[in-house]
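Chains as they are written, first to last, in the working numbering: chain A, 24 to 651; chain B, 6 to 209.
Careful: at least some of the hints might be erroneous.
Simulated pairs of lysine to aspartate or glutamate, EDC-like, Cα-Cα distance not exceeding 20 angstroms [stated by the list, open to error]: (1) Lys620(A) with Glu592(A); (2) Lys117(B) with Glu437(A); (3) Lys95(B) with Glu517(A); (4) Lys218(A) with Glu185(A); (5) Lys117(B) with Glu618(A); (6) Lys465(A) with Asp443(A); (7) Lys128(B) with Glu592(A); (8) Lys26(A) with Glu192(B); (9) Lys620(A) with Asp125(B); (10) Lys26(A) with Asp8(B); (11) Lys117(B) with Glu185(A); (12) Lys128(B) with Asp616(A); (13) Lys95(B) with Glu384(A); (14) Lys95(B) with Glu391(A); (15) Lys347(A) with Asp365(A); (16) Lys95(B) with Asp8(B); (17) Lys117(B) with Asp616(A); (18) Lys581(A) with Glu517(A); (19) Lys26(A) with Glu180(B); (20) Lys240(A) with Asp365(A).
Worth flagging that the hints you see were computed from the coordinates, not collected in a lab.
Residues per chain, in single letters:
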Amino acid sequence: MGKTSLLDLEPGRAFLMCNEVIARAAVHAGVGIYAGYPGSPTVEILESMLEMASGAGFSAEISTNEKVALETAAGAAMAGVRAMVSMKSVGLNVASDTFFSLGYTGVEAGLVLVVADDPHAHSSQSEQDGRPYAPAALVPMLEPSGPADAWDVVLAAFETSERFRVPVIVRTVTRVNHQSGVVEVRRVVPGRRAKVHWPHGPARFVTVGASARAFHKAALERTEEVRRSFEASPLNTVERRGSRVGVIASASCGGHAREALRITGGEASLLTLATAWPMPENLVAEFLSGLDRVVVVEELSPFLEDMVIRVAGRENLSVEIAGKHSGHFSPALEYNADIVADALARVLRIPAPVEPARAAETAAVAAEGLPSRPPTFCPGCPHRASINILRTALRGIPHVVSSDIGCYSMAPLEPLVWGDSVLAMGASAGVACGLARVLEEKVVAIIGDSTFFHAGMPAVANAAYHGIDFVLVLLDNGVTAMTGQQLHPGTPEEQQPPGSRRIAPEEVLRALGAGSVTIVDPYDRKSALPLVRQVLAGSGFRAIVFRRGCALHSDRNKRRRGERIPVSEVSREACRSFLTCIRDFACPAISLDAEGKAAISPDLCDGCLECAALCPNSAIAHRKEASE
Amino acid sequence: MSDPYGILMCGVGGQGLVVLSRVLGTACATEGLRAVTGEQHGLSQRSGSVSIHFRIGEGAFSPLIPLGTAEVIAGLEALETLRYVEYLRKGGTVLLSTLVMHPVTETAARIKSPAIPYWDVEKVTERLTAIETRPVPVDCRGIAARSGAAVAENMVLLGALAALPGFPVGRPSIEEAINRVFAGAVEANLEAFRQGTREAVPGF
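Build out the structure end to end from the sequences listed, making use of the hints.
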């Protein structure tokens with residue numbers, strides 16, 4: 024953000040988001056390739072890398088999914104060129120097959136995976152703790168605490184990766200990714216970029232049978248070497264105080280722990296661990312010795328705590344460990360200083376702060392009855408119209424909706440409440456295959472265009488192959504909308520970057536064997552409705568493509584081109600308060616006026632006229648006079 | 006170590022909260038102040054509630070403001086200030102835009118029960134006063150429109166913040182930051198900020 028490219032920031036103090044620091048550090052580390060698929064809270068890494076790519080002379084691309092992104096980065100790292108990939112927690116599930124093999128084969132040049140967990144599930148389908156992937160795949164893992172140390176952590180990740188010829192995870196959480204702060208900016212010096220020659224003999228990266236067994240043995244030995252190197256890592260911090268109580272915090276919880284010590288005035292030594300796995304066991308053992316009690320502060324599962332318990336047991340230390348097993352902390356939700364202060368006070372046997380409880384109680388009284396404000400479809404969103412057309416066409420027909428990940432994941436939530444399952448990227452069509460086999464009801468699967476390319480195609484092939492009876496609805500808005508309207512293979516040709524070629528989703532659907540593919544425009548309700556009804560009445564595996572550009576994206580493009588965005592209004596005379604424009608539609612631009620008639624906010628309206636198509640009294644039209 | 010100065014910024018997705026934070030943070034960098042934020046904007050463009058914990062001072066380790074310790078809540082939308090009031094210290098200030106954006110859930114509920122009135126600024130300030138906080142309504146939209154950039158409501162609110170007694174960041178640094186952060190409409194944004202400092206809090 025701002026006028027200056029992230030690449031050109033002058034050394035000195037600046038206010039940056041952690042994701043921007045991670046991206047700058049990767050460029051400074053000399054990545055030749057960056058690849059990723061957008062997912063909150065990592066989107067700003069992807070966008071920062073795309074922004075810096077041409078200036079720094081590396082290649083940056085949005086891959087079709089995280090597995091392909093990891094493979095792209097791995098290919099470069101196998102050949103001897105540093106590479107980075109970033110993804111949200113569940114992205115590593117998608118990439119995990121390749122990830123596990125890379126833990127065996129290793130790499131030639133530095134390969135860093137930034138993987139962001141989302142405690143509190145702010146914008147994810149789960150609070151998945153991704154850390155156990157590291158020991159499971161024998162891949163080392165580092166953790167920054169925020170923008171202040173992310174630069175050092177990313178550089179250390181590349182050094183560790185290259186020194187031990189192994190991929191390295193940089194693990195973050197939402198509150199680290201989306202943390203900004205005043206940091207000392209260092210100059211980014213991008214590496215030299217030239218094609219390299221394949222430096223290996225045959226079969227260097229072939230893992231099967233005997234070679235897999237050899238790789239496994241080597242990986243176990245490598246892990247111990249990495250562990251030894253982590254013992255002295257300057258990224259971990261130890262603050263000794265004359266107390267027999269200690270705190271061990273994961274890097275991401277270090278800030279909460281420090282703050283809790285400040286708030287409570289408690290005396291305790293503090294160890295923060297940036298080398299999350301393999302854990303530097305001697306460092307931990309040394310920290311534990313001389314302590315009577317230790318508080319382990321980490322969000323989600325007792326990943327660190329279990330390792331601390333093991334070290335304490337091995338060293339025969341009689342130290343009480345306060346964590347999740349003792350009930351001091353919950354494995355659910357994200358932490359803050361108050362939660363940590365409360366646990367710390369119990370362990371230190373000092374009074375816990377009372378202010379948080381008072382503030383929370385007072386606030387609950389003050390905010391009683393306040394309406395919730397969940398994220399919802401934007402004014403002009405084609406999904407709102409598509410969903411309304413589908414619901415209208417399905418009226419009176421018992422049906423079950425298997426949905427997917429994207430903006431349309433909001434349909435089952437208040438206030439629309441339409442849809443039955445949302446599991447994972449691409450799962451809509453797969454789940455529908457099972458539903459359609461066993462249900463009496465009609466089955467509808469809903470998937471977005473980007474999600475279709477990401478993980479939907481194998482399930483579509485399966486449905487077509489087996490001739491399973493359901494309707495796949497492909498909501499094609501031309502971009503990966505939820506994460507900020509990034510481009511994908513189906514994005515209209517004129518918006519594609521040079522060298523990229525559009526792949527039309529309907530052609531893919533036909534090639535994969537869909538019995539029929541019907542394309543409709545959700546803004547043209549009159550034409551769409553009979554076509555949708557007709558497809559729904561049919562049988563076998565068939566698809567409907569609802570095509571209309573993402574409103575946010577289209578409006579931004581229009582503004583860029585200097586085009587006027589019209590605004591709609593409700594005629595006071597014509598409106599008879601049927602409120603069909605509000606019921607089952609829920610546009611943030613429409614509310615009720617003092618007389619109980621519909622009123623459109625000109626500040627929010629996108630002029631899509633979706634609401635006009637619903638009004639039985641034809642009370643809605645574009646405003647006549649010119650507007651901005 | 007002194008307590009950090011906590012500002013809980015809030016609003017509705019698309020109102021420019023992140024830019025507001027970026028400008029103030031850039032000003033902190035100029036002044037050599039430690040600043041740290043916790044930003045909740047993963048789904049920011051979906052008309053949902055958004056918030057930024059903004060903390061200034063040496064003791065600000067966590068990206069999140071401890072409950073009951075924020076000096077001020079700064080809301081670009083009136084209703085949102087009530088949603089985050091648990092972070093405010095006793096007797097703290099609430100700068101609230103007089104703009105009310107009715108959530109779709111509120112309108113949906115009113116269709117079912119038309120007798121329930123919409124929430125308004127008066128109801129919000131009453132609630133805030135009842136719990137001994139100090140609400141300061143600011144006509145961000147009107148002031149922004151008069152300063153030539155209707156979208157500069159965020160800079161008006163920043164002006165109001167900067168005018169609070171004891172605010173730790175100086176106005177010249179903020180004006181310099183506006184110059185650095187905005188690629189266009191710098192003058193209008195500067196004007197909105199200045200109008201905010203002058204008009205927004207006449208009591209000070």
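Holds or violated: lysine 465(A) with aspartate 443(A), Cα cutoff 20 angstroms? holds, 13 angstroms
So if I understand the rule, the pair passes when the alpha-carbon distance is 20 angstroms or less; does lysine 581(A) with glutamate 517(A) pass? holds, 14 angstroms
Are the Cα atoms of lysine 26(A) and glutamate 180(B) separated by 20 angstroms or less? holds, 15 angstroms
Measure nothing beyond the straight line between the CA atoms of lysine 117(B) and glutamate 185(A); if it is 20 angstroms or shorter, mark the hint as holding. violated, 63 angstroms
With the threshold set at 20 angstroms, check whether the alpha-carbon distance from lysine 620(A) to glutamate 592(A) stays at or below it. holds, 12 angstroms
Does glutamate 437(A) sit within 20 angstroms of lysine 117(B), going by the straight-line distance between their CA atoms? holds, 14 angstroms
Does the structure keep lysine 26(A) and aspartate 8(B) at a Cα separation of 20 angstroms or less? violated, 33 angstroms
Verify the proposed pairing of lysine 117(B) with glutamate 618(A), using a straight-line Cα cut of 20 angstroms. Holds, because 15 angstroms separates the two Cα atoms, which is no more than 20 angstroms.
Given the hint that lysine 95(B) pairs with glutamate 384(A), does the C-alpha gap stay at or below 20 angstroms? Roughly 12 angstroms between the alpha carbons, so the hint for lysine 95(B) and glutamate 384(A) holds.
Would the hint linking lysine 117(B) and aspartate 616(A) be met if the CA-CA limit is 20 angstroms? holds, 15 angstroms
Against the 20 angstroms threshold, does the CA-CA distance of lysine 240(A) and aspartate 365(A) hold or violate the hint? violated, 44 angstroms
Is the hinted pair lysine 347(A) and aspartate 365(A) satisfied, with a Cα-Cα distance of at most 20 angstroms? Satisfied, since the Cα-Cα distance of roughly 14 angstroms is no more than 20 angstroms.
Taken one by one, the earlier hints fail for this structure at numbers 3, 7, 10, 11 and 20, listed in ascending order.
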